[in-house]
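Student: Using the sequences and the hints given, assemble the complete structure.
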Amino acid sequence: MDTRTPTTSVPSPAGPGPSAARGGIGESVRRPDGTPKVTGAFVYSSDLWHRDMLWGQALRSPHAHARILSVDVSAALALPGVHAVLTHDDLPAAQKRYGLEIADTPVLADGVVRHHGEPVALVAADHPETARRAAALIRVEYRQLPVVTDEASALAPDAVVLHPDRDDRRARRVPHPNVLHRQPIVRGDVAAAARRADVVVTGDYVFGMQDQAFLGPESGLAVPAGDGGVDLYVATQWLHSDRRQIAPVLGLPEEKVRLTLAGVGGAFGGREDLSMQIHACLLALRTGRPVKIVYSREESFLGHAHRHPARLHYEHGATRDGRLTHVRCRIVLDGGAYASSTAAVVGNAASLGIGPYRVDDVEIEAVGLYTNNPPCGAMRGFGAVQACFAYEAQMDKLAAELGMDPVELRRINAMRQGDLMPTGQRVDSPAPVAELLRRVRDMPLPPPLDPKAPDVRDLPGGLSNTSHGEGIVRGIGYAVGIKNVGFSEGFDDYSTARVRLEVIGGEPVATVHTAMAEVGQGGVTVHAQIARTELGVEQVTVHPADTAVGSAGSTSASRQTYMTGGAVKNTCGAVREHVFAAGRRRFGGDRPAWGGAGLRLDGGKVVTGDGEVLATLAEVLEGEEPIDLELEFRHRPTEPFDPVTGQGFGHVQYSFAAHRAVVDVDVELGLVKVVELACAQDVGRALNPLSVAGQIQGGTVQGLGIALMEEVRVDPATARVLNPSFTDYLVPTLLDAPAVPVDVLELADPHAPYGLRGVGEAPTLSSTPAVVAAVRQATGKALTRVPIRPEHIVD
Amino acid sequence: MMRVGFTVNGVRQTADGVWEGESLLYVLRERMGLPGSKNACEQGECGSCTVRLDGVPVCACLVAAGQAQDREVRTVEGLATADGPAAVQRAFLDAGAVQCGFCTPGLLVAADELLERDADPSDADVREALAGNLCRCTGYEKIMDAVRLAAARRRETV
Numbered sequence: 001m002d003t004r005t006p007t008t009s010v011p012s013p014a015g016p017g018p019s020a021a022r023g024g025i026g027e028s029v030r031r032p033d034g035t036p037k038v039t040g041a042f043v044y045s046s047d048l049w050h051r052d053m054l055w056g057q058a059l060r061s062p063h064a065h066a067r068i069l070s071v072d073v074s075a076a077l078a079l080p081g082v083h084a085v086l087t088h089d090d091l092p093a094a095q096k097r098y099g100l101e102i103a104d105t106p107v108l109a110d111g112v113v114r115h116h117g118e119p120v121a122l123v124a125a126d127h128p129e130t131a132r133r134a135a136a137l138i139r140v141e142y143r144q145l146p147v148v149t150d151e152a153s154a155l156a157p158d159a160v161v162l163h164p165d166r167d168d169r170r171a172r173r174v175p176h177p178n179v180l181h182r183q184p185i186v187r188g189d190v191a192a193a194a195r196r197a198d199v200v201v202t203g204d205y206v207f208g209m210q211d212q213a214f215l216g217p218e219s220g221l222a223v224p225a226g227d228g229g230v231d232l233y234v235a236t237q238w239l240h241s242d243r244r245q246i247a248p249v250l251g252l253p254e255e256k257v258r259l260t261l262a263g264v265g266g267a268f269g270g271r272e273d274l275s276m277q278i279h280a281c282l283l284a285l286r287t288g289r290p291v292k293i294v295y296s297r298e299e300s301f302l303g304h305a306h307r308h309p310a311r312l313h314y315e316h317g318a319t320r321d322g323r324l325t326h327v328r329c330r331i332v333l334d335g336g337a338y339a340s341s342t343a344a345v346v347g348n349a350a351s352l353g354i355g356p357y358r359v360d361d362v363e364i365e366a367v368g369l370y371t372n373n374p375p376c377g378a379m380r381g382f383g384a385v386q387a388c389f390a391y392e393a394q395m396d397k398l399a400a401e402l403g404m405d406p407v408e409l410r411r412i413n414a415m416r417q418g419d420l421m422p423t424g425q426r427v428d429s430p431a432p433v434a435e436l437l438r439r440v441r442d443m444p445l446p447p448p449l450d451p452k453a454p455d456v457r458d459l460p461g462g463l464s465n466t467s468h469g470e471g472i473v474r475g476i477g478y479a480v481g482i483k484n485v486g487f488s489e490g491f492d493d494y495s496t497a498r499v500r501l502e503v504i505g506g507e508p509v510a511t512v513h514t515a516m517a518e519v520g521q522g523g524v525t526v527h528a529q530i531a532r533t534e535l536g537v538e539q540v541t542v543h544p545a546d547t548a549v550g551s552a553g554s555t556s557a558s559r560q561t562y563m564t565g566g567a568v569k570n571t572c573g574a575v576r577e578h579v580f581a582a583g584r585r586r587f588g589g590d591r592p593a594w595g596g597a598g599l600r601l602d603g604g605k606v607v608t609g610d611g612e613v614l615a616t617l618a619e620v621l622e623g624e625e626p627i628d629l630e631l632e633f634r635h636r637p638t639e640p641f642d643p644v645t646g647q648g649f650g651h652v653q654y655s656f657a658a659h660r661a662v663v664d665v666d667v668e669l670g671l672v673k674v675v676e677l678a679c680a681q682d683v684g685r686a687l688n689p690l691s692v693a694g695q696i697q698g699g700t701v702q703g704l705g706i707a708l709m710e711e712v713r714v715d716p717a718t719a720r721v722l723n724p725s726f727t728d729y730l731v732p733t734l735l736d737a738p739a740v741p742v743d744v745l746e747l748a749d750p751h752a753p754y755g756l757r758g759v760g761e762a763p764t765l766s767s768t769p770a771v772v773a774a775v776r777q778a779t780g781k782a783l784t785r786v787p788i789r790p791e792h793i794v795d
Numbered sequence: 001m002m003r004v005g006f007t008v009n010g011v012r013q014t015a016d017g018v019w020e021g022e023s024l025l026y027v028l029r030e031r032m033g034l035p036g037s038k039n040a041c042e043q044g045e046c047g048s049c050t051v052r053l054d055g056v057p058v059c060a061c062l063v064a065a066g067q068a069q070d071r072e073v074r075t076v077e078g079l080a081t082a083d084g085p086a087a088v089q090r091a092f093l094d095a096g097a098v099q100c101g102f103c104t105p106g107l108l109v110a111a112d113e114l115l116e117r118d119a120d121p122s123d124a125d126v127r128e129a130l131a132g133n134l135c136r137c138t139g140y141e142k143i144m145d146a147v148r149l150a151a152a153r154r155r156e157t158v
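First to last, the protein sequences are chains W and V.
Counting along the first sequence from 1, when you hit position 393 you're at 393 in my numbering, and nothing is skipped either side.
Counting along the second sequence from 1, when you hit position 5 you're at 5 in my numbering, and nothing is skipped either side.
By construction, these hints were calculated from the structure, which means they are not laboratory data.
Don't take each hint at face value.
As the list claims (entries may be wrong) - Derived Cβ-Cβ restraints for the label pairs, each shown as a range:
hint: 1; chain 1: W; residue 1: Gly596; chain 2: V; residue 2: Thr81; range: 46 to 56 Å
hint: 2; chain 1: V; residue 1: Glu156; chain 2: W; residue 2: Val43; range: 33 to 43 Å
hint: 3; chain 1: V; residue 1: Arg153; chain 2: W; residue 2: Asp442; range: 28 to 38 Å
hint: 4; chain 1: V; residue 1: Asp83; chain 2: W; residue 2: Ile504; range: 19 to 29 Å
hint: 5; chain 1: V; residue 1: Thr7; chain 2: W; residue 2: Gln144; range: 49 to 59 Å
hint: 6; chain 1: V; residue 1: Gly44; chain 2: W; residue 2: Asp90; range: 28 to 38 Å
hint: 7; chain 1: V; residue 1: Thr7; chain 2: W; residue 2: Val473; range: 52 to 62 Å
Each residue gets a CB set at the ideal place from its N, CA and C atoms; glycine is no exception.
Tutor: Structural data, given as C-alpha cells:
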C-alpha cells in the first residue's frame with residue numbers, strides 16, 4: 001500500500017509551472033538504465049575488461065596494531081605471472097596519505113598497521129588466483145602492539161596514541177589525542193530546568209557496528225594513458241573527491257587523473273572513502289598495463305569504513321503533564337583507526353541528538369574516538385541513526401514512567417515549523433512531526449495471527465518449526481526521527497550541471513551531463529525528468545558521469561536530488577533564457593509577445609503566459625549552434641557549530657519520518673518476526689513517487705537490520721573482525737523483511753528546488769527504534785542494545 | 001589447465017586454459033563474455049550469481065567450472081527473447097524492483113524458475129523461494145510486487 005498526500009498550500013519557488021511534458025517531474029518515470037540492468041548488459045565496475053589487463057590484489061594486516069619489522073617480496077615477485085609487487089617504499093610521491101577531510105590514511109602501511117585489514121602490499125598478476133597466491137607469499141614480520149578499543153582504553157593515561165603527530169585543526173582543542181573531535185551543544189539552563197522536572201529517566205545505550213553491505217564489491221579498472229596519466233573507471237559516490245585524493249599520491253596533476261563512473265552496485269555511504277582506487281592506479285602506472293581490482297566479500301568487510309558503533313547516555317526530564325523540561329546526553333562514537341568522516345558524524349550526532357522535539361534546556365556532548373577498531377565513516381543516516389535509537393528509547397521509557405501513551409508523549413513535545421534546534425537554528429520549513437506520527441498510528445493494523453492454525457512460515461523461526469504458535473507475543477512500537485539534508489557546518493556544498501539543447505533531425509534534444517554518482521537511487525531518472533519539465537522536450541539523454549564536467553558533490557546526505565537535481569534545473573533555466581533570446585533575435589521584430597514576461601517551453605514549443613504558441617523549438621534553434629551551458633548550483637550557506645556552545649545555523653534542510661513496527665516475538669527462544677513496518681515521511685515534493693517509495697522501503701529494512709541482526713563483530717581483546725562474510729554478518733533476506741506500507745506527505749520547503757526534501761536517509765533512522773519498541777512491548781525487556789540478540793529477550 | 005565446454009543459453013561454448021579452481025561464475029564472466037551473473041559474495045550466500053544448471057537454480061560461484069562440462073547453463077542473458085525483455089524482466093522494471101540492480105540478475109533467474117513451476121505462488125511461497133537472494137536497496141517490497149505482477153501477467157497470457 002502506497003499512499004500520497006498532494007502538495008499543500010506552500011507554493012513552489014520561482015520557476016515555470018508544471019509542464020505538460022511527458023515524463024516530467026511528479027511522474028513515476030521508469031529508469032533509463034533499467035533495461036540493461038534486467039538483461040545483464042549493464043556494466044558494473046566489477047564487469048570491466050580490457051585486453052592485456054592484469055589483476056591487482058592487496059595484502060592486508062592480520063593484526064589490529066603492529067609495527068612492521070620487515071617485508072620480503074622476493075618469493076611473490078618470483079612467482080610466474082606476477083608483474084609487480086609494491087610496498088610503502090615504492091610510492092612515487094612525497095604525499096603518501098589520503099583522507100576525506102584529514103589525510104591520515106596511508107596508501108600502504110608506513111611501518112605501522114593500525115587496524116585489522118590495513119593494506120600492506122600490492123600485487124599485479126595475470127590471473128586473480130596468481131595475484132592472491134603471490135600476496136600470500138609476501139613475508140611480513142610484525143611486532144604486535146597494544147590495542148585501544150573503547151573510550152576507557154583510548155583515553156587511559158598510558159594509552160597508545162594512534163596519531164601522535166596529528167596536526168589537524170581540532171588537534172589542539174580536543175581533551176586527548178585519541179579524541180578526533182568533540183562537539184558540545186549547550187542551550188538554556190539545564191540545572192534550573194531539571195529542578196522543574198517531576199520525572200527524570202536516564203538510560204545507557206549501545207549501538208553495534210553496521211556494515212553498508214552494498215552488493216557490488218569495491219572494484220574498478222585503471223588504464224595507463226599515453227600522457228603519463230591514468231584513466232580510472234570505478235564505482236564511487238563522488239568522482240571529484242576521489243580525484244582530489246588520488247592525484248597527489250600518484251604525483252600527478254588532477255587533469256592527468258581522469259575518472260569515469262562505472263556501474264555502481266549500491267553504496268549507502270560505504271563508497272565515500274577511497275578503497276581500491278589508488279592501488280589500481282599505482283599498479284597500472286608501474287606495469288604500464290590496465291589493472292583491474294575486485295574485492296572479495298571478506299576484503300570488502302575489511303576494506304571500507306563502517307557505521308560508527310556508539311555508546312550513549314541520556315537523561316530526560318518532564319513535568320507530570322508530559323512536557324520535556326530538559327535533555328542531557330553524551331554520545332561516544334568509535335571512529336576506528338583513521339579519521340574518514342568521523343568529525344562530521346560527530347557534528348550530526350550532537351546537533352540532531354535530542355530528536356525532533358521542542359526542548360529549551362539542553363546539554364549535549366558528542367565525541368569521536370581514534371581506536372584500533374576498523375575505521376568508521378559514512379553510512380546512511382550518518383550519526384543521526386545512533387542518536388535516534390537512544391532518544392526514542394528514552395521517550396518510551398519516559399512515557400512508561402508518566403503512564404502516558406508513547407505516541408501522545410511524542411505529540412505533546414513534537415517540534416513544529418518555527419521551533420529552535422538545540423543549536424539555536426530556527427526550523428524554517430514544515431516540520432510535520434506530530435502529523436507523521438498520527439499517520440502511522442492511524443494506518444490499518446495487520447490481522448492478528450490465527451491462533452488455531454497459523455502458517456508456520458509467518459511465525460518467528462519460520463520453517464525451522466521452532467513454534468506452532470505457542471510462546472508468540474505480538475508487540476507494537478513507534479518512533480520518529482530527524483535528519484539533515486546536504487553537507488553542513490559551513491561546507492561549500494555545490495553541484496554542477498551541463499545542459500545542451502539542440503535540434504537533431506528536426507526534433508529538439510537535450511543532453512544532461514553531470515558527475516553525479518548513480519548508485520541505484522535513481523538520480524539519472526530524475527535528471528531527465530527535470531530537463532523534460534524545464535525545457536519542454538521529450539528526448540533527453542543523460543550523459544555518463546565523469547570528471548570532464550564539474551563536481552556534483554557526493555551521492556550522500558540525501559542531497560543529490562536537491563543539489564545536482566537543483567543544478568540541472570538551474571542550468572536548464574539558463575538554457576531556456578538563451579532559447580528566448582534566440583527567438584527574440586529571429587522573430588521578436590514581428591511579434592512583440594517575444595518581449596513579454598512569462599514565456600515558457602512546453603511540448604517542444606515556446607509559449608506565452610497566456611498559452612499562445614510563438615514558435616517551435618525547432619524553428620528557434622534550426623541552424624543555430626547548440627545551446628551548451630555548464631553552471632554550478634549552491635544551497636544556502638551554513639555555519640560551523642561554535643566549538644564551545646554548539647550554536648550555529650549548521651544545517652541546510654531537515655527531513656522527518658515516522659515508523660510503526662508490528663512484531664511477533666517467540667519469548668521462549670528470543671526469535672523475532674517483523675510483521676509490518678509502516679512508514680510516513682514528508683518528502684516536500686515527490687519528483688518520482690515510485691523511486692521515493694523504493695528509498696523509504698529500502699531505508700526502512702536497513703534500519704530493521706541493525707535492530708535485529710546486522711553487526712560487524714570485533715574481538716575486544718584483539719580488535720580483529722570476527723565475521724567478515726555474509727555467512728556471519730546477517731543482511732535481512734526476503735524472509736526477514738516485512739510488508740512496508742508507505743504514506744508520503746508533500747509539504748513544500750520554500751528554500752529547495754520544487755520544494756523537495758531529501759528522501760534517502762530519514763527512513764533508516766526511526767525504523768530501528770520502532771522495531772525495538774515493539775519487541776520491548778512484547779517482552780517487557782529493557783533492550784538497550786542493538787542489534788537485539790536472543791539472549792536479551794530470554795534472559 | 002584444462003578445456004571446459006558447455007551450452008550457455010542454447011549456444012555451445014568452450015574455454016581453454018581454465019585453472020582447475022575456477023568457478024562456473026568466473027568462466028562465464030571472465031572467459032565467455034557473460035558478466036550478467038554477478039559476483040557479490042562468491043561464498044554462496046547472496047544469490048546474485050544464480051544461474052540454472054540443467055534447469056536447477058545454483059549459485060554459479062559454488063560450482064566448479066568442470067562440473068558444468070557438457071551440461072546446459074542458463075543465465076540472465078538468456079531470459080530475453082528476440083521481442084525484448086521477458087515478462088518477468090518487464091515486471092521488475094514496471095514495479096520499480098530495480099535500484100542498483102546488482103541483485104537483479106540472480107533474482108530474475110530464481111523468479112523465472114519459481115513461476116515456471118508455480119503459476120500462482122502465494123506471498124509466503126515467493127518469500128521462501130527467493131530468500132536466498134539478498135537485495136540491499138529495495139527492502140524487497142517492490143520485488144514482491146514484481147513477482148506478483150509477473151505471475152498475474154503470465155496467467156493472463158496462458
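Student: Does each hint fit the structure? Answer for all of them.
Tutor: So, going through the hints one by one against the coordinates:
Look at W:Gly596 against V:Thr81: about 53 Å separates their beta carbons, and that is inside 46 to 56 Å. Here the CB-CB span from V:Glu156 to W:Val43 is close to 34 Å, well matched to the stated 33 to 43 Å. At roughly 34 Å, the beta carbons of V:Arg153 and W:Asp442 sit within the given window of 28 to 38 Å. Checked against the given bound of 19 to 29 Å, the beta carbons of V:Asp83 and W:Ile504, roughly 28 Å apart, stay inside it.
For V:Thr7 and W:Gln144, the Cβ-Cβ distance of about 53 Å falls inside the hinted range of 49 to 59 Å, so the restraint holds. For V:Gly44 paired with W:Asp90, a C-beta distance near 37 Å keeps the hint of 28 to 38 Å intact. For V:Thr7 and W:Val473, the hinted distance range of 52 to 62 Å is satisfied, since their beta carbons lie about 53 Å from each other.
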